[in-house]
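Engineer: Work out the full structure: start from the sequences and follow the hints.
Protein sequence lines correspond, in order, to chains A and B.
For the first sequence, my numbering assigns the number 1 to the initial residue and increments by one for each residue that follows.
For the second sequence, my numbering assigns the number 1 to the initial residue and increments by one for each residue that follows.
No lab work stands behind these hints: they were computed from the structure.
A couple of the hints might just be wrong.
[Claimed, not checked] Some but not every residue of chain B turned toward chain A, in silico, with C-beta under 8 Å:
hint, residue
1, 45
2, 76
3, 80
4, 126
5, 163
6, 164
[Stated by the list, open to error] If you want a taste of the chain B side facing chain A, the calculated C-beta under 8 Å gives, among others:
hint, residue
7, 43
8, 49
9, 56
10, 84
11, 89
12, 104
13, 123
14, 125
15, 180
16, 189
17, 192
18, 199
19, 200
20, 206
21, 208
The beta-carbon is built from N, C-alpha and C at its ideal position, and this holds for glycine as well.
Protein chains: 2
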Amino acid sequence: MSAVPKLVSTRMPEKMSTSRSELDDLLDSQFLAHVSLVVDGEPVIIPTLFARDGDRILIHGSTGSGWLRALAAGAPACVAVTEVGGIVVARSAFESSIVYRSAVLFGVFTTAEDQVPALAVLTDHVLPGRTAEVRPSTGKELAATMALQMPIDQWSLRTSDAWPDDPPEDIAGDTWAGVVRFGPPPVTIHPDPNLRPGIPVPPSVTELSTTDH
Amino acid sequence: MSAVPKLVSTRMPEKMSTSRSELDDLLDSQFLAHVSLVVDGEPVIIPTLFARDGDRILIHGSTGSGWLRALAAGAPACVAVTEVGGIVVARSAFESSIVYRSAVLFGVFTTAEDQVPALAVLTDHVLPGRTAEVRPSTGKELAATMALQMPIDQWSLRTSDAWPDDPPEDIAGDTWAGVVRFGPPPVTIHPDPNLRPGIPVPPSVTELSTTDH
Chain A
1 MSAVPKLVST RMPEKMSTSR SELDDLLDSQ FLAHVSLVVD GEPVIIPTLF
51 ARDGDRILIH GSTGSGWLRA LAAGAPACVA VTEVGGIVVA RSAFESSIVY
101 RSAVLFGVFT TAEDQVPALA VLTDHVLPGR TAEVRPSTGK ELAATMALQM
151 PIDQWSLRTS DAWPDDPPED IAGDTWAGVV RFGPPPVTIH PDPNLRPGIP
201 VPPSVTELST TDH
Chain B
1 MSAVPKLVST RMPEKMSTSR SELDDLLDSQ FLAHVSLVVD GEPVIIPTLF
51 ARDGDRILIH GSTGSGWLRA LAAGAPACVA VTEVGGIVVA RSAFESSIVY
101 RSAVLFGVFT TAEDQVPALA VLTDHVLPGR TAEVRPSTGK ELAATMALQM
151 PIDQWSLRTS DAWPDDPPED IAGDTWAGVV RFGPPPVTIH PDPNLRPGIP
201 VPPSVTELST TDH
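Structural biologist: Take a look at the structure:
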């Protein structure tokens, strides 16, 4: 693959990794993926919920969705999962960069034949344990939903996280440099106005407050 | 465009907007874009820093970058900018969804002839005012850097942010529902170990602590 992902700048301290466990760490820490396919010769990106399940990537959506149907029909796909962790503030604009982890996967999606467990993996990836807290999906709901899978086979993983790499003449100057890091966002919980009294916030939701998202 | 972005689920309370100011609000609040192009008939996604500058999207990178050169040569591009704001926790998995804003733009990039100001817009989008705090880029740095622009012309904007829309029989049950919201991530500042003593943290960095990122 000649066109490889590269964030921001020229001199970025970017590292490639071939570690599957590092890939899984990133995939398991995020639930937003950007999926690209080619439609009439032009690229289209769809942001969507995803989950890793063993050696496959799962996505889902409406059976009426054109892009999901195109993927299910075998359109080559690219899936990107990106985490921005901060900003490397160097002494020059040129040396400044972004702290990130970036996974890009390539392949073809097929229908996940195990639809009910596949959807449970997606739900529980966003809200751990939620599937056990809600009623089972109805036949009508399942008939309206498509779950697709792509094998984790062709992928690249890039990470960038280092101190500024300024040349000595810049370090000798008066310009500040460092790294700014973003922590996990704070979570606030807002009960549905239609919630009947006395129903407690479930573990799948309370756990989010203590989880890195 | 038949394949339109659609996040997560079938019944999501997704709204399309044709408001340019709502588009700009989203673009100006984010600095990570996912850019897709077609390489040898297959889609490739590159996560990259971007900035809006009036009616154009700016990106940059190394003159040695294959994907940037392909874009500069006129490859059709798709640019996605996505913000995840929380989780709609409905009483069923089916009705649950993600709170988000999603912009998808289509077009062709060209070289930004005003390279120096274009790079300043990118730098200042990430760190407001940073350009004035650092030395100018050298000729060598500018020669190694490419700045590209795409007109904001063909785009779609989708947002989803609503209370769960559960049917009456689910509302009558014992399952909790609500919305979980993610706030702006906390920022921590880490001075470069090589920083000479007595250099204060500059406004471009201190301002991040009070800004929504």
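Engineer: Are the hints correct? Go through all of them and say.
Structural biologist: Results for each hint:
1. With 8 Å as the threshold, the beta carbon of residue 45 of chain B comes within range of chain A, its nearest partner Cβ sitting at about 4 Å, so the hint holds.
2. Of the supplied interface hints, the one on residue 76 of chain B holds, with its beta-carbon coming within about 4 Å of a beta-carbon of chain A, less than 8 Å.
3. Using the Cβ-Cβ criterion of 8 Å, the hint placing residue 80 of chain B at the interface with chain A is satisfied: the shortest such distance is roughly 4 Å.
4. For residue 126 of chain B, the shortest C-beta to C-beta distance to chain A is roughly 6 Å, which falls under 8 Å, so the interface hint holds.
5. With a cut of 8 Å, the hint placing residue 163 of chain B at the interface with chain A holds, because the nearest CB-to-CB distance is about 6 Å.
6. Because the closest C-beta pair between residue 164 of chain B and chain A is about 5 Å apart, less than 8 Å, the hint holds.
7. For residue 43 of chain B, the interface hint holds, since its Cβ comes within 8 Å of a Cβ in chain A; the closest pair sits about 4 Å apart.
8. Of the supplied interface hints, the one on residue 49 of chain B holds, with its beta-carbon coming within about 5 Å of a beta-carbon of chain A, less than 8 Å.
9. This hint is violated: residue 56 of chain B has a C-beta 18 Å from the nearest C-beta of chain A, more than the 8 Å allowed.
10. Among the interface hints, the one on residue 84 of chain B holds; its C-beta lies about 5 Å from the nearest C-beta in chain A, closer than the 8 Å criterion.
11. For residue 89 of chain B, the interface hint holds, the least distance from its beta-carbon to any beta-carbon of chain A being 6 Å, beneath 8 Å.
12. Among the interface hints, the one on residue 104 of chain B holds; its C-beta lies about 6 Å from the nearest C-beta in chain A, closer than the 8 Å criterion.
13. Residue-level restraint check for residue 123 of chain B holds (minimum Cβ-Cβ distance to chain A is 5 Å; threshold 8 Å).
14. Because the beta carbon of residue 125 of chain B sits about 11 Å from the nearest beta carbon in chain A, more than 8 Å, this interface hint is broken.
15. Interface hint at residue 180 of chain B: satisfied, since its Cβ lies 6 Å from the closest Cβ of chain A, which is below the 8 Å cut-off.
16. A distance limit of 8 Å between C-beta atoms decides the matter here; for residue 189 of chain B the minimum to chain A is near 6 Å, and the interface restraint holds.
17. Because the beta carbon of residue 192 of chain B sits about 4 Å from the nearest beta carbon in chain A, less than 8 Å, this interface hint is met.
18. Given hint, residue 199 of chain B at the interface with chain A, holds; its Cβ is 5 Å from that chain's nearest Cβ, closer than 8 Å.
19. With its C-beta approaching chain A no nearer than about 7 Å, residue 200 of chain B sits inside the 8 Å limit, and its interface hint holds.
20. For the restraint placing residue 206 of chain B at the interface with chain A, the shortest Cβ-Cβ distance is roughly 10 Å, beyond the 8 Å limit, so the hint is violated.
21. Given hint, residue 208 of chain B at the interface with chain A, holds; its Cβ is 6 Å from that chain's nearest Cβ, closer than 8 Å.
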